[in-house]
Amino acid sequence: MNSTVGLSSRHKFAYTWPLAWGVAFAVVAFIWIGGDLWQWAVKAPKELTWKVEALGSCTSVRLCVTGFFKFMVSNEAYIFPWTFKEFTRFVAACIEFPYQIIRSFLASGFTIPLSGGESWQSPPISWLGLTVVLTAVAYRLRDWKLALMVFLCVAYLAVFGNWESAAITLSSIAVAVPIGIVFGALIGILGYRYEKFERAITPILDLMQTVPIFAYLVPVLFLFGFGPVSAVAATVIYAMPPMVRITMLALKTVPLEIKEFGKMVGCTKRQMTWRVLIPAAAPGLMVGVNQVIMLSLNMVIIASMIGAGGLGFDVLASLRRQAIGDGLEAGIAITLIAIVLDRLTQAWASRSPAPHHETKPTLLQRHKNLMLALLILVGTTAISFVAPFFAQWPEQFEISTGQFWNDLIKWININFFDELEAVKVFLLLNVLKPVKAFLLALPWPGVLLFLALAGLQLGGIRLAILVVSCASFILITGQWTKAMITVYLCGISVVIAAMIGITIGVIASRYPVLKRSVLVFIDTLQTLPSFVYLLPVVMLFRVGDFSAMVAVVLYALPPAVRYTLYGIQQISPSLIEAAKTSGCTKRQLLTKVQFRLAWPEIMLGVNQTVMFALSMLVITALVGTRDLGQEVYIALTKADTGRGLVAGLSVAFIAIITDRLISAAAKKRKQALGL
Amino acid sequence: MDSKPDPILSCSEVWKLFGRNAQQFLKENNNVTDDMLSENGLIGAVRDASIEVDEGEIFIIMGLSGSGKSTLLRCLARLIEPTSGQVMFEGENLLNHSEKQMIQIRRHKMGMVFQHFALMPHLTVLGNVAFPLEVQGIDRSERENRALEVIELVGLQGRESYYPRELSGGQQQRVGIARSLSVEPKIWFLDEPFSALDPLIRREMQDEFLRIQSVLNKTIVFITHDFNEAVRLADRIAIMKDGAIIQIGTPEELVINPADDYVEEFTNDLSRAKVLSAKTVMSEPEPDAQVGGRVSSSAKIQDLAEELIKSELPFHVVDKNDNVIGKLTRDAVVDVLVKQP
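Here the protein sequences come in this chain order: A and B. Once you know that position 128 of the first sequence is 128 in the numbering used here, the rest is easy, because the numbers rise by one and skip nothing. Once you know that position 137 of the second sequence is 137 in the numbering used here, the rest is easy, because the numbers rise by one and skip nothing.
Check each hint, because a few of them may be wrong.
Stated by the list, open to error - The calculated lysine to any residue pairs, modelled on SDA-like cross-linking and capped at a C-alpha distance of 20 Å, are:
#1 B:K186 with A:E260
#2 A:K263 with B:R107
#3 B:K100 with A:E260
#4 A:K259 with B:E90
#5 A:K269 with B:G293
#6 A:K263 with B:L200
#7 A:K269 with B:S297
Unchecked claim - Which bits of chain B does chain A cover? Going by a derived footprint, with three or more residues having C-beta under 8 Å, they are:
#8 30–37
#9 107–121
#10 132–140
Please keep in mind that the hints were generated in silico from the structure rather than gathered at the bench. Computed from a prediction, not measured in an experiment: that's the story for all the values here. Note that CB positions come from ideal geometry on N, CA and C, so glycine has one too.
This is chain A alone, in the form it adopts within the complex (with noise of 0.2 Å):
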């Protein structure tokens, strides 16, 4: 029944949007054109504010966020039985606690206070110590290529210089992906168990995904305060989301007989939960924790900027004083513990359990190793005391590539300077100015209407309204300009990144030798801390709009070439053998077949690239762009929660009307294929 309503509705309406959109673009045209006349339409309208008596200095969206956040450090408020200063203060220490003991550990030591106001000072952990025991750990998890790998890794931060700096690094993430994981299970759990709270979780969980990393680090640092403790705080809050989803999905994919069976045998709730559904689920979730890792590494330079020193510190110096080398070894050194830490908890998740046929492991077994290992740390420890060796890698046999990287740098700019140059002024004279003045000079009333119409068009009434209302934030909380701007920059890069993205892709999926490499390209690409894409850029290109671009669609690269390759992997190979036997050339086979069936996936590859350029936007802030991003980081550095979340939520919803309406339209594009 429905289905032929829907078609005959279909034939009937068949000019309706090509109709309407044309109607919107003369109005837009007519605006523009009698420019002089609708000064309101033209020029962006400055922030929306009011005078309410009652509600005194909150006078505008975001002067009334930096109340509230005013208001929450005061004493005024407050979480039963605290004021919301002491729990804060409360949070605060459950972090700072457990910080500095890992960090005594791994980085500073222990000072222990003796009599006569002399203290004395423990060494940290040997280097060498640590990379015997994890090589030794990664040998008994998996192999002995595995242990290579890892004691490779390790090592390299022992002679690259970066020990120190690794381990501080470390120390916080020690602190931030258990609370991650834990409350991530927990949260997941509830979501689970209660619909309602699901439901109430989960446009949270959009938001705080889309909202720009930045845009935490505000109201973070006006809460905790500058330091390890907000680093941590920020980490979690930006490593958390994944975990929760995950672990709600994964408790929803435990087969519904498993989940039967626990009933079946009499399980309690609590039985239920955590003796069938949890070990049940307990692949997914190790997904969850892998990503909880990966995205706290992920956070490492950002953070520093609240005060995680480390690692990402020493990238972000390096980028201040333009020191490609340091920063390269930097981000290098975050890639490597990354690594090792992905694969070792790859390894554990999968590790096959005691063989059966032989004895049971005893506890004692068990301890024998653990035993070992504590004996070693220990050890490797205390002759550090003696033999400096065992304290610290040798300064005279550091390794340091900076002076290369430096000087390749110079060479390419002495050698290609005009070239390089000849490209940036075209690109930027011929693209990058026309069509941020195109753009700049639309109508905002005008923008609106496309995009209302985008939404009916691909979505129905819903979708037009909210993508509406994301861009009514913009516009009356007074970003419109520099929201065009984030828009023009992003787009540009978007569609380079897309085209070439799309190129490869395809062009890999016809060899598989050149796939597997592609592929390990762009891994490697991703897993590089995106402040390392700027580094090189900015010492070829300088600051400025088109380093930024040149950044973002290096960093917005890979989900186009994977999404592509796996677009047109997942077409059933009898569709193209049918299309063979039909007779069709290679081109053919590519533009008839291939790509139209590959449509929707592709299309959810630029959604994606769409979300990682506008996270790197944010971040090129730093290289001097004049965007939302720009606005986020003004915002940091004075400690202005309003300013901060309101930039931040402009981001977020820039990303999500781009985000509804190509899922939109990719999940139409599905249907009419009937996928």
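Following the hints, complete the assembly by docking chain B onto the known chain A.
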């Protein structure tokens, strides 16, 4: 067989409707038809089902996919709440029990085997089989001793410390069977236990199942979509279609007297000699006639055929007390073997 004892498990007029206001709908309407359901946007998974399962019998619910057989089973175990009706277990209505009471009943009196085994991947065979006892809070040594007994019963001794993924499908289901028996349940539910297995293994497992049942003599509700399996294993079969029970009877009754074309369809492919017994095929007794021998009235034709066909003479059919109650001729046996209904 005069005064039948009360059935251990029964349900009467059980309905399970999916959709809004299903309960209200059933209260207001008496003779529910397909049209009435679809008009109200309801889906009838189980419709007016009544069965009685006697102590020690293998009761099989057979139906194709979507016939509601699994839903009915879950109503009997109260994994799914019936929309209306009664489920009586040991003289009490299960639907009146609280959640706590149900936990106790399931812990001590019910066992269930699942189609896809539903083994816990992180536990060994021993851990899986002992799990229902662990949930009850029985301490380790006792529960493991009891688990070892059932593991031996299903023939998995020596594999106690294997993990499920190290076992074949048939072995995994043996674990599932052992686990469901570890609490010595009063009633044993099997939900398509052998459907996920290869045909050869399936056959082996059916034999295994009959062997275990001959030792334990449990009351069994067994679900299958395979009519041959049902006939092979069942004391009685209930055939379901579109949520309703069409016919309940022994395999023989279904073959001789199918309630409708649907049931007859199933019996067509069946080897009748395997199902029909001497009692059904025999003719009027002739106590004085010359006979080739005596056969039991409950013996299947399949098993008698060779002997009867070789013999020139008819055979006496005798009941349990060795009274002659009928005559079985060679022609009658050949008829069964050759003739298709």
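Tested hints:
no. : hint               : verdict
1   : B:K186 with A:E260 : 18 Å, holds
2   : A:K263 with B:R107 : 9 Å, holds
3   : B:K100 with A:E260 : 16 Å, holds
4   : A:K259 with B:E90  : 26 Å, violated
5   : A:K269 with B:G293 : 64 Å, violated
6   : A:K263 with B:L200 : 32 Å, violated
7   : A:K269 with B:S297 : 53 Å, violated
8   : 30–37              : violated (count 0)
9   : 107–121            : holds (count 12)
10  : 132–140            : holds (count 4)
Taken one by one, the earlier hints fail for this structure at numbers 4, 5, 6, 7, 8, listed in ascending order.
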